[in-house]
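Peer 1: Work the whole structure out from these sequences, hints included.
Protein chains: 2
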Amino acid sequence: MRVGVTREQRAGERRVAATPETVQQLTALGLDVVVEKGAGDESGYSDAAYKEAGATIAAKLALGALDVLVHVRPLSPATAKALKKGAVTIGLASPSTELPTVAALAAGKVTAFALELIPRISRAQSMDALSSQALVAGYRAVIEAVMRYPRFFPLYMTAAGTIPPAKVLVLGAGVAGLQAIGTAKRLGARVSANDIRAASADEVRSMGGTFINLDLDTAAEGTGGYAKELAEDRAKRQRDLLAPHVAASDILITTAAIPGRAAPLLVTTYMVKGMRAGSVVIDLAAESGGNVEGVVAGADTPVAVDGGTVTLVGLQDAPSAIPSDASRLYAKNVANLLAIMTADGTVSPDYSDEVVAGACLTRDGTVVHEPTANALAQS
Amino acid sequence: MRVGVTREQRAGERRVAATPETVQQLTALGLDVVVEKGAGDESGYSDAAYKEAGATIAAKLALGALDVLVHVRPLSPATAKALKKGAVTIGLASPSTELPTVAALAAGKVTAFALELIPRISRAQSMDALSSQALVAGYRAVIEAVMRYPRFFPLYMTAAGTIPPAKVLVLGAGVAGLQAIGTAKRLGARVSANDIRAASADEVRSMGGTFINLDLDTAAEGTGGYAKELAEDRAKRQRDLLAPHVAASDILITTAAIPGRAAPLLVTTYMVKGMRAGSVVIDLAAESGGNVEGVVAGADTPVAVDGGTVTLVGLQDAPSAIPSDASRLYAKNVANLLAIMTADGTVSPDYSDEVVAGACLTRDGTVVHEPTANALAQS
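Protein chains in written order, with my numbering: chain H, 17 to 395; chain Y, 17 to 395.
Where hints are given, some of them may not hold.
[Stated by the list, open to error] Below are the DSS-like pairs computed for lysine-lysine, each with C-alpha atoms no more than 25 Å apart in a straight line:
no., chain 1, residue 1, chain 2, residue 2
1, Y, Lys289, Y, Lys183
2, H, Lys67, H, Lys125
3, Y, Lys201, Y, Lys252
4, H, Lys76, H, Lys53
5, Y, Lys183, H, Lys201
6, H, Lys125, H, Lys97
7, H, Lys289, Y, Lys67
8, H, Lys67, Y, Lys125
9, Y, Lys201, H, Lys183
10, Y, Lys201, H, Lys201
11, Y, Lys125, Y, Lys101
12, H, Lys101, H, Lys76
13, Y, Lys97, Y, Lys67
14, H, Lys97, H, Lys76
15, H, Lys53, H, Lys100
Hints are computed from structural coordinates only; laboratory data are not their basis.
Predicted model only: the values in this text are computed from it and were never measured.
Peer 2: Here it is in C-alpha cells:
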C-alpha cells in the first residue's frame, strides 16, 4: 500500500509528518512511502535522506492514488476531496475548527484519524502528538523568554557583585508547563507554578518548581486529564489570587489551553502592569485567543509599566521553531499509530482497539467523533 | 566634583556606565553625579530611578564642566577635545584602534583610564570590565545558538523515543569560553573544549566540560593570562587536529581573541563543511575579524553542507543583548575603580597604586601606556 508524506502548505509550519527514520519503520512494515519533494527541507531532512531510507520522491503527490496520507496541519477541503474512497489519513485535524474538511472527508468516505483524539492512556503515549509537541513548545517558551530578557537567568556571583536568579512563574502545568518549569530550572531560574488541577502539585515539584496553592475551594479536573473551564466568578477569584505572584515574577509563561475552545483569560493587563520593567510574558495559548489580555499571536507587544516596558509575546508555531526534533517526535507518533493498523503490508484499522477507535474522526461516510458530528449538524 | 554619565552614541550599544545602584555608591563618596537624559533607557534604568538614587538629569552633558566622565564605548575625538584639562575619563578605550581619540585626550591633558588596561590581579578583579563583559558574552553565545538550533539541547527520553543531547564544542577557554561551557552544560548539552593554554584544562573540567588535548608540542601562555599568537605552521597543525572535533559537534562556539590584534583563524570553511546540516557556529570574535573563515560580524551566513546548511553567526555587541545585567556589572567595575581614586569627595589618582597606574592611558599631556605611545609615534 502506498503512503504519501505531504509537504506542509501552511505559512510558518516547518514540520513534516515523516522522517527518514520513520520511513524505514514504515517500509519494514511492507508499505511503500512516497515523499513530496522538499517535504523535509524546513526541518532538516533532505530528499536524498528519505530516498536512502527507502522512500520515493514525487514532485507532487498523486492524492487519488494514495492508500494513506500522513500530514501535520489539518488538510484543506480540496485535499480531502482529492483522496480516494477508503483512503486513510493520519495527522492533526483540529476537528472543531476545520468542519469543512471534516465534511469533505466524510463525504469522500475517507477514514480520517485525528491525533488530537488519541486516548490519553499509557499504551497510546507513543502516538500522542499533543504531548510530544507540547514538550517542544514548553522548552521553546523558555528559550524565547531568555532571548528577550535583559538580565541573566542564573544566579551569578562575580567579583563585581552578585546577580540574583530570574523568577519564573508558569501558569498551567500540563506537558508544556512542566517542560517550561524543567527548562527554566536547568537554566538556574527560581521557578514557581500554578495549575487548577490539584494533582499537578507533585508534578510541578518533581520538575523542581514550587507549587502555588490558590484557595479556590474546589478542584477542577476535566475528562482525559485536561482542565475544564472555571465558572466566571471563580476565574475572577483566581486572577485576584494570582496577581501578586505575577507581579513578583520576571518571566511569566502561560500554557493553559482547553482543546477545541478559546483559552481562558488568566492574566489581565492590570496584572501585567504590576511586573517590573524588562520582564517578559510568553503566552503559549496565543493561537487560541491567549491566556493574557491584549496578546497578539505571532507578535511582541510592549506593555508600558513604571520605568519601561514589559514584553508580551504571543508565541505561535512554537514546535516549528525546533522543526527537526519536533518532526522527529511527531513522525514517530504518526508511524506508531499507523503501525498498529498495519499487518503484512496492508493497512486495516481494527476498531476493537480503543486507541484506533478513539482516534477515528470519520469513516464509511460518517463522522464518528460525536462532538464533531454534533457541531457539523448545528453548522 | 562632578561625574558625568554619557548616553552611549554607538549604534547597537545598549549599555550604560552607571546604574542607580552605582550612583548611590558614588554620591556616598561625596561626588555629584549628572546623568545624560535617557542614558539608561536601553538597559532598563529610567531617569526617574537615577534621580531617586541621587543623580541629576541633564538634557545634554556640559562636557567642559565635568571632573569625571564615565562611558562604555571609546569616546569620539570630539568628545575628548571638549573635556577640560585634568578631567578624568573611565571606560573602555580600545587604545590600539582609537588612536585619534588617544591623541586628543593627551593633547587636552585629560587623565584617561582604559578598563582594558586594568591589571589582571586579584585585587583588581572587581574593576575588570573585560572579564565581566566576557561573562555576559559567553552566556549569550549559548542562548544565540539555542535559538537557531533546530533540535533540543538536553537529552529527552519520551514515549516517542529518545533524543540525544546536543554536542557543543567551545574553542578558547577564557572567561567567555568558560561561561559558554557552563551555560551549555546547564542546558543539558554534552560539552567539550580546547584552549592552547594547557592551564585551562582544569578550568574546563570544573565547568563540566571535557578538555580536548591537542598535541601541539608546547604550551602557549601569554603575559597577563592571555593567549599569545601561534606561529602559522603550528596554527595550521592546530586546525588539522581540531577538524574531527568540529565535524562531530552540533554547536561550535569560538571565543579566541587576542586584545588589540586580529583574532586567530581557528576554523576554516572546509572544517565547517564537515558539520552536519542544522548545526550552528557562533563566532564571538567576529568583531575583531573572527575565528571562523567567512564570518560576517552582525550577520548570519548560511554555509551549504550535505543535506542543508550550517548557520555561521558573527555575534556582535553580545553584552548589549543582556543590557540590564551587563550594565550592572560594568557600572560596578567603573565605580570600583573610581572609588579607589576618591577621598573626601575629591578624585585624585594615586599612581603608586599598581591598579591605578596600570589602567592609566594618558595624563599630563603624555600617553603613558607604552604600546599605545609607540603605535601613535609610528602612525
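Peer 1: Y:Lys201 and H:Lys201 were given as a pair; does the straight-line alpha-carbon distance stay at or below 25 Å?
Peer 2: 13 Å, holds
Peer 1: Going straight from one Cα to the other, do H:Lys101 and H:Lys76 come out at no more than 25 Å?
Peer 2: 20 Å, holds
Peer 1: Hey, Y:Lys289 versus Y:Lys183, does the alpha-carbon distance stay inside 25 Å?
Peer 2: Roughly 16 Å between the alpha carbons, so the hint for Y:Lys289 and Y:Lys183 holds.
Peer 1: Given the hinted pair H:Lys125 and H:Lys97, is their Cα-Cα distance within 25 Å?
Peer 2: 10 Å, holds
Peer 1: Given the hint that H:Lys289 pairs with Y:Lys67, test it: the Cα-Cα distance must not exceed 25 Å.
Peer 2: The given pair, whose Cα atoms are some 22 Å apart, holds under the 25 Å limit.
Peer 1: Going straight from one Cα to the other, do H:Lys67 and Y:Lys125 come out at no more than 25 Å?
Peer 2: 73 Å, violated
Peer 1: Hint check: H:Lys97 vs H:Lys76, CA-CA at most 25 Å. Holds or violated?
Peer 2: Answer holds: H:Lys97 to H:Lys76 is near 16 Å, not above 25 Å.
Peer 1: Assess, step by step, whether the Cα of Y:Lys97 is no farther than 25 Å from the Cα of Y:Lys67, and give holds or violated.
Peer 2: Not satisfied, since the Cα-Cα distance of roughly 28 Å exceeds 25 Å.
Peer 1: Tell me if the straight-line CA distance from H:Lys76 to H:Lys53 falls inside 25 Å.
Peer 2: OK: H:Lys76 and H:Lys53 at ~7 Å, within 25 Å.
Peer 1: Are the Cα positions of H:Lys67 and H:Lys125 separated by 25 Å at most?
Peer 2: Violated - the C-alpha atoms of H:Lys125 and H:Lys67 are around 31 Å apart, more than 25 Å.
Peer 1: Could you grab the alpha-carbon distance between Y:Lys125 and Y:Lys101 and see if it respects the 25 Å cut-off?
Peer 2: 5 Å, holds
Peer 1: Is it true that the CA of Y:Lys183 sits at most 25 Å from the CA of H:Lys201?
Peer 2: 21 Å, holds
Of the numbered hints stated above, those contradicted by the structure are hints 2, 3, 8, 13, listed in ascending order.
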